[in-house]
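There are 2 protein chains.
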Amino acid sequence: MKKLRFGVLSTAKIGREKVIPAIQISERCVVDAIASRKADRAGEVARELGIKRSYGSYEELLEDENIAAVYIPLPNHLHVKWAIKALEAGKHVLCEKPIGMNADDARKLKEESEKYPDLKVMEAFMYRHHPRWKRTIELVQSGRLGDIKAVHSFFAFYNDDPDNYRNNPEQGGGALMDVGCYCISVARMIYGREPDEVSAYSEEDPKFGTDRLTSGLLNFGSGTSVFSCSTQSQHDQYVKIYGTKGALKLDWSFNYDFDKETLLQMSVGDEETVERFAPCNQFSLQADSFAESVLDDKPELISLDDTIGNMEVIDRVRNGG
Amino acid sequence: MKKLRFGVLSTAKIGREKVIPAIQISERCVVDAIASRKADRAGEVARELGIKRSYGSYEELLEDENIAAVYIPLPNHLHVKWAIKALEAGKHVLCEKPIGMNADDARKLKEESEKYPDLKVMEAFMYRHHPRWKRTIELVQSGRLGDIKAVHSFFAFYNDDPDNYRNNPEQGGGALMDVGCYCISVARMIYGREPDEVSAYSEEDPKFGTDRLTSGLLNFGSGTSVFSCSTQSQHDQYVKIYGTKGALKLDWSFNYDFDKETLLQMSVGDEETVERFAPCNQFSLQADSFAESVLDDKPELISLDDTIGNMEVIDRVRNGG
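Sequence order for the protein chains is A and B.
Residue 63 in the working numbering sits at position 63 of the first sequence, and the numbers go up by one each step.
Residue 195 in the working numbering sits at position 195 of the second sequence, and the numbers go up by one each step.
No wet-lab data here; the hints were simulated from the structure.
Being a predicted model, the structure only gives us computed values, none of them experimental.
All C-beta atoms, glycine included, are put in the ideal place defined by N, C-alpha and C.
Keep in mind that the hints are not guaranteed to be accurate.
What the hints assert, rightly or not - Label-pair distances were calculated between CB atoms; the ranges are:
1. E194/B to E27/A: 36 to 44 Å
2. Q141/A to D270/B: 30 to 38 Å
3. D257/B to V274/A: 50 to 58 Å
4. R37/A to G192/B: 43 to 51 Å
5. D160/A to G320/B: 48 to 56 Å
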């Protein structure tokens, strides 16, 4: 079977600990190279993870002709810059979320990508590849829940490490960018459209200058969504979807323990059911979905228009509505 | 033991089915009379519930000298009118929530009540008398959860009966008034202050002209609250309270099956605990709390200033912020 050969730009933790091992166990992808600004570090991680080639600069990796696609887990402010360089080097691009610093950034990437119609670009919202979320969309679209009226979500963790890029506004840190992007993504996905109106309040960390808390209210006309996200809160994640006839509940909605099954709890009137999903690695599913779009020339599951739409709402939330 | 002798103004369902039986099994209260605009109906309900006296008008009940307090389960637009008449007749007043149609209504009641310093007036937010909520306040105030950053809540049911006063705007119907008042009450209670900023969107029922859905975002400065309430949604109730160090979760937060225990789920870091509360009737606890304030001359658990504060936020939410 033909495989999609990945190179990875940077030795970022999410790549090392989650996405690279997941690509390595995927069905249709391999990781052949990794780059770091420090050659030693690239070599060290390559050895640890069993990656054939390592490079001391991102540019060198992009010149590697055996690499067909890059995965970009760099800090947010570097996403679009390196995504564009990768396209220029003829590589497909799987890039961490959020795709850039703002919607202009995302639009710039789309504009550049149109010069390379044979290359695929996808934002790595991994949760959308999980069968629990695919089933959720199916249930919403089936009408089982009636008309959707409210989507509630929360995504937070506690990290006040000043060296973490999440606490650096210049690198695109803050709660909204790091985890609020999921709350917005999921609401837009459920309603299948952009919100008419947006309101939001943020609390800034006085040391870091990032939003350590953002709560938002999105009006989708026929229904609403409310959410909170935080970088300095008791950790938790949940999504609840309320319709006129039924509701869905997804705990640990976005990240979860890959060794455990995940649950989709449904209430329709007084009837309650639970669907169970076998343990699976959503980063592997994401890699295979991207490989399918590249190798079988299919549209990416998450289009750049969807990505731009998400960044536009992030911008509106950042500006308070 | 001296008991507080109640008369009930109207044969409304919440009184018949929930509050009157609860007062009857309380420790310090009895229900001695009930009034309806129809004498037959009053007599019928009095017989059903074992109430000694019945009256064919509210005025007659207020003239009953053996009655010390009235419980008012009338539709919202009649609350303040009859609360004031009850005060004028020398009765203590326990009145269903929300206290009136708006904050002006609530302020008018407070102004009138100041003419009768020996009479007690309390809004019937029954949930606040439940030990689970008292424990919640204790935990919040103890600092176990750190600083509170987000309070999420939901309260909804499905009722599209055109004859129900909840679907009549002139009687103070709609989701915000009927159940959103709890979401606002609980957020104000947790933060112990009024919100600085309010944003909200409502969806109107085209037939009834009531809000069948309202979602709101409250900014309390150091933290936020988001909520949705609906009269036409899958029924559910929940409250989640997130702090920097821990979180609390209360399912079926406001109304619940009195025969079952209720749970208070707490997470602090990776430690999860569940506190269980024995089955209890919060309407009985409310009656006894009110009796204590009357018979032992103590302040009501819910002051009229608190009630006015809640109505002010309801007004702001109704106006979109």
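Now the hints, each set against the structure:
1. E194/B to E27/A: 36 to 44 Å: With a Cβ separation near 56 Å, E194/B and E27/A fall outside 36 to 44 Å, so the hint is violated.
2. Q141/A to D270/B: 30 to 38 Å: At 37 Å between Cβs, range holds.
3. D257/B to V274/A: 50 to 58 Å: 20 Å, violated
4. R37/A to G192/B: 43 to 51 Å: Since R37/A and G192/B have Cβ atoms about 50 Å apart, the given range 43 to 51 Å holds.
5. D160/A to G320/B: 48 to 56 Å: 35 Å, violated
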